[in-house]
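Construct all of the structure, not just a fragment, from the sequences and the given hints.
Line order of the protein sequences matches chains A and B.
Residue numbers for the first sequence follow the working numbering, beginning at 1 and rising by one.
Residue numbers for the second sequence follow the working numbering, beginning at 1 and rising by one.
Calculated from the structure, these hints are not laboratory results.
A virtual CB, placed ideally from N, CA and C, is assigned to each residue, including glycine.
Check the hints yourself; a few may be wrong.
If we take Cβ atoms under 8 Å as the criterion, some of the chain A residues that face chain B in the derived model are [what the hints assert, rightly or not]:
(1) Asp51
(2) Met72
(3) Asp92
(4) Leu93
(5) Pro297
(6) Pro299
Each pair of labels, with its calculated beta carbon distance range [said to hold, decoys possible]:
(7) Glu102/B to Asp185/A: 36 to 44 Å
(8) Glu69/B to Gly178/A: 48 to 56 Å
(9) Ala332/B to Gln128/A: 31 to 39 Å
(10) Pro319/B to Ala218/A: 55 to 63 Å
(11) Asp21/A to Glu272/B: 55 to 63 Å
(12) Ile128/B to Arg264/A: 25 to 33 Å
(13) Ala332/B to His295/A: 31 to 39 Å
(14) Ala332/B to Arg180/A: 30 to 38 Å
(15) Val89/A to Glu272/B: 38 to 46 Å
(16) Pro294/A to Glu102/B: 47 to 55 Å
(17) Leu43/B to Ala123/A: 57 to 65 Å
(18) Ala218/A to Glu102/B: 54 to 62 Å
(19) Thr148/B to Gln128/A: 55 to 63 Å
Away from chain A, derived, C-beta distances all over 10 Å, residues of chain B [to be verified]:
(20) Lys48
(21) Lys109
(22) Ser117
(23) Val118
(24) Gly124
(25) His132
(26) Thr199
(27) Arg259
(28) Ile300
(29) Glu329
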Amino acid sequence: MAQLTCREAVAAAIAQEMRRDPSVVFLGEDIGAAGGVFKTTVGLFEEFGPDRVRDTPISEQAIIGAAMGAAMTGLRPIAELMFSDFFAVCWDLVANEIAKSRYMTNGQVSFPLVIRSANGGGARFGAQHSQAIENWAMMIPGLKVVAPSNPADIVGLLAASIRDPDPVVFFEQKSLYGTRGEVPDGEHVDALGTAKVLREGGDAAIVALAAMVPRAVAAAERLAAEGISCTVIDVRSLVPLDTRTILSAVSETGRLFTVEENPRLCGWGAEIASIAGEECFYDLDGPIVRITTPHIPLPSADNLEDLALPSVERIADTVRASMG
Amino acid sequence: MATEETAGPDLANDDIGEEARLALWRSQLEIRHVEQRAHDLFLQNLVKGTVHLSLGQEAVAAGFAVAMEDGDYTFCTYRGHAHTLARGAPMSGVLGELMGRECGLLAGKGGSMHLTSVEHGAMGSYAIIGAHLPIAMGAAWSAQYRGTSQVSVCFFGDGTTNIGAFHEALNMAKVWSLPVIFVCENNLYMEYTPIGDVTAVEHPAADRAPAYGMESIIVDGNDADAVYRVARTAYDRARSGGGPSLIEAKTYRQCGHSRADPGAYRPDEEVEEWLARDPVPAYRRRLLDFGFAESAVEGIEAEVLAAVDAATETARASPPPPPDILETEVYADGGAAWRN
Ligand SMILES: Cc1ncc(C[n+]2csc(CCOP(=O)(O)OP(=O)(O)O)c2C)c(N)n1
Ligand SMILES: [Mg+2]
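Following this line, the structure appears as structure tokens:
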């Protein structure tokens, strides 16, 4: 097993897939010789050359449109949007064109493409470079949405996303880029639509995504020391959503807590809460509780940003208080 | 500025040839008569929603399509019946789609504004202004990367030259030297506003071309031969690695913007002037000048009319789409499932 950081895992996954499939091409701003603004693409330009690793102008509509046109004519493009906030400048291509065209044409076109992007807060960048927007992507029919929390999952799920026949929005949590972890040796491919149970406990299920996963695990450890034992689930993939794994944990424990980085309204946890409310109501022993960023643009000062994002303390305190 | 003028017949040196001329004639007639039928069916309430007709603009679609090769890609807008038909998509599939029938090209899931027939190279009709320029550029990138000789052709209106995606696509296409042809059908109006009132330059596409390292090209979009010649040159450039072209075809829609629009904002003299330049009768005269037999010219029109009638009957006889397709083809597994 190799020890990789999350940023190294991104490059490892792309390289793994580009080696096996010449139809995989990669485009974005500063991804070539510069190695990416987050250094997530180091070495790719040197190994695969300028035809397959293409630096683009600052033209997000052109980047995503080019990926779409290439995907519908036989390639498997990976497009990088430097910061997920920039989805807003090319949202038409994502939400109206890529997501809808298979349906509108009754299946005449396919879009085997991946849009990777650095998502979320924690880097003190302020509101236009920090938002967690996984809920934007989740609400669009036709997209798949993936947000891993560790290097092994980045490799396995990014490889699976590149091989997937549908368009995948792949969120990399920028505050996790420096996190190190073990990655299996050899080719590693995981499955989309599978949540992972990281820890089992009998009292409550805590469901988290991306940067919130290590925080949920740390909170569960604290709570365990106090006698509250929690199951922690890493959702990993919002679409397809592994409701089976999530709902069975809800049924077993009788309690559901979601930990979401996105702002409160219409966060992904609301969808999971509504499914659990409809389908596991009689297994619940108490209210479903969502732990989220407040409904605000993210501030930049250390203390304010820390206050905004769900912390280990806030998670543990919320669960403890709610469990009585 | 290179401007392709309408020339009189040069019988001795016909660089277009009989076969292409008859194909241009047939294509313009097919578009004209299907569009008129679509209009009639709309008035009979058999076509719902909206339609954006290309009546008066047929020569642009015909000229580019006849000069294309199989395997080339067409990307067009909501005003896309003409371009889809010009690639050879079946009339019954076009009319059936407008009527919301099972036989429609998209089985009733897309409607008039999204006609697509991938098997004919018609890669989609896009209804968000400007979106398809980057997409067509991406298809050209794919052709370049795969080492084919395919060309991607993207049709759009004058109004589209003022949206950001137009500029992003032109710049990147030039920087990457892609085999893509951007064709601006300048019909003088965006929806209801004259293009000159909202554009910083006189020629909305051609005057922008130099900013992206491309030649300014204006063509008479009501002359199928002129369009065909300009198209041929641009295809040659694209196929030989010479990169993208931007072509402004001056034309006019003889009707309103869409079915909701009577087009009352257009001065009468302007409408009359352009009706006198109707591309279809003009091409008929051209063929007769070139010595084609009147019976042959009219025979093609009779064939086209019969085909439009037959397609109309096929579409009318086709049932509505089956309800069980409502939740199909959202994802590549054929379904719409987002959870297990
Ligand atoms: C982004 C966007 N803005 C506005 C519209 C509404 N709209 C539809 S067609 C049209 C006019 C487009 O004019 P032009 O590009 O000249 O094409 P034409 O209809 O004349 O063929 C407008 C404004 C739209 N579809 N998309
Ligand atoms: Mg116009």
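Results for each hint:
no.: 1; hint: Asp51; verdict: holds, 6 Å
no.: 2; hint: Met72; verdict: holds, 7 Å
no.: 3; hint: Asp92; verdict: holds, 5 Å
no.: 4; hint: Leu93; verdict: holds, 6 Å
no.: 5; hint: Pro297; verdict: violated, 24 Å
no.: 6; hint: Pro299; verdict: violated, 30 Å
no.: 7; hint: Glu102/B to Asp185/A: 36 to 44 Å; verdict: violated, 53 Å
no.: 8; hint: Glu69/B to Gly178/A: 48 to 56 Å; verdict: holds, 52 Å
no.: 9; hint: Ala332/B to Gln128/A: 31 to 39 Å; verdict: holds, 34 Å
no.: 10; hint: Pro319/B to Ala218/A: 55 to 63 Å; verdict: holds, 60 Å
no.: 11; hint: Asp21/A to Glu272/B: 55 to 63 Å; verdict: holds, 59 Å
no.: 12; hint: Ile128/B to Arg264/A: 25 to 33 Å; verdict: holds, 30 Å
no.: 13; hint: Ala332/B to His295/A: 31 to 39 Å; verdict: holds, 35 Å
no.: 14; hint: Ala332/B to Arg180/A: 30 to 38 Å; verdict: holds, 35 Å
no.: 15; hint: Val89/A to Glu272/B: 38 to 46 Å; verdict: holds, 44 Å
no.: 16; hint: Pro294/A to Glu102/B: 47 to 55 Å; verdict: holds, 50 Å
no.: 17; hint: Leu43/B to Ala123/A: 57 to 65 Å; verdict: holds, 60 Å
no.: 18; hint: Ala218/A to Glu102/B: 54 to 62 Å; verdict: holds, 57 Å
no.: 19; hint: Thr148/B to Gln128/A: 55 to 63 Å; verdict: violated, 41 Å
no.: 20; hint: Lys48; verdict: holds, 16 Å
no.: 21; hint: Lys109; verdict: violated, 5 Å
no.: 22; hint: Ser117; verdict: violated, 8 Å
no.: 23; hint: Val118; verdict: violated, 5 Å
no.: 24; hint: Gly124; verdict: violated, 6 Å
no.: 25; hint: His132; verdict: violated, 8 Å
no.: 26; hint: Thr199; verdict: holds, 20 Å
no.: 27; hint: Arg259; verdict: holds, 20 Å
no.: 28; hint: Ile300; verdict: holds, 30 Å
no.: 29; hint: Glu329; verdict: violated, 4 Å
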